[in-house]
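Peer 1: Sequence:
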Amino acid sequence: MSPDKVVTGTRPDEKTIDDLIETGKSEQIFSKAIQELGRAQILDTVEEIQERYDAVKEIEKKLLDLHQAFMDMAVLVEAQGDLMDNIETQVTNAVDHVQSGTDALKTAKSLQKKSRKCMMIAIILLLIIAIIIVLSIIKPWKKQ
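Residue numbers (the UniProt record's numbering): 1 to 144.
Simulated from the structure, these hints should not be mistaken for lab results. Keep in mind that a hint or two might mislead.
[Stated by the list, open to error] Restraint ranges, calculated between C-beta atoms of paired labels, are given here:
hint, residue 1, residue 2, range
1, ASP85, ASP19, 31 to 41 angstroms
2, GLN41, VAL77, 35 to 45 angstroms
3, ASP96, PHE70, 32 to 42 angstroms
4, LEU125, ASP103, 31 to 41 angstroms
5, MET71, LEU111, 33 to 43 angstroms
6, TYR53, GLU88, 45 to 55 angstroms
7, VAL56, ASP19, 15 to 25 angstroms
The beta-carbon is built from N, C-alpha and C at its ideal position, and this holds for glycine as well.
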């Protein structure tokens, strides 16, 4: 016989159980059952009820632990969200800096080409001037 039938002799439905809990008449049922049934059977039933109560308390504790784990996870996810936003901002800034660096390198390369070109022109002009000076010293121009 199942424990819920042992106390009353019948299997109660959910509504009956709720009514007993709300009205407090469950003690009367236990008193009546103790009078009708043997003490040993009632003690077995009470022991099983206590075991179920303890199991429910353990489940409740585990659910609270699980709830706390989910709350901790939510805090971590939120913190990671902030971290991801920060990383995204840094990546965007890095892209901007790389673009600026690329533009600066192009400008530097262009200036380097112009600088070399000017340097070559200056060297050629100096060579021409040096050749003219050397020629004028070596072979003076004759006036006629």
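Peer 1: Confirm or reject each hint.
Peer 2: Okay, the hints, checked on the actual structure:
Checked against the hint of 31 to 41 angstroms, the C-beta distance between ASP85 and ASP19 comes to roughly 54 angstroms, which is inconsistent with it. Between GLN41 and VAL77 the beta carbons are some 53 angstroms apart, a value that contradicts the proposed interval 35 to 45 angstroms. ASP96 and PHE70 have their C-beta atoms about 39 angstroms apart, which keeps the hinted 32 to 42 angstroms range intact. Against the hinted window of 31 to 41 angstroms, the Cβ-Cβ separation of LEU125 and ASP103 comes to about 33 angstroms, which satisfies the hint.
Checked against the hint of 33 to 43 angstroms, the C-beta distance between MET71 and LEU111 comes to roughly 60 angstroms, which is inconsistent with it. The supplied range of 45 to 55 angstroms is met by TYR53 and GLU88, whose beta-carbon atoms lie about 52 angstroms from each other. A C-beta distance of roughly 20 angstroms is found between VAL56 and ASP19, which places it inside the suggested range of 15 to 25 angstroms.
Hints 1, 2, 5 from the earlier list are contradicted by this structure; the remaining hints agree with it.
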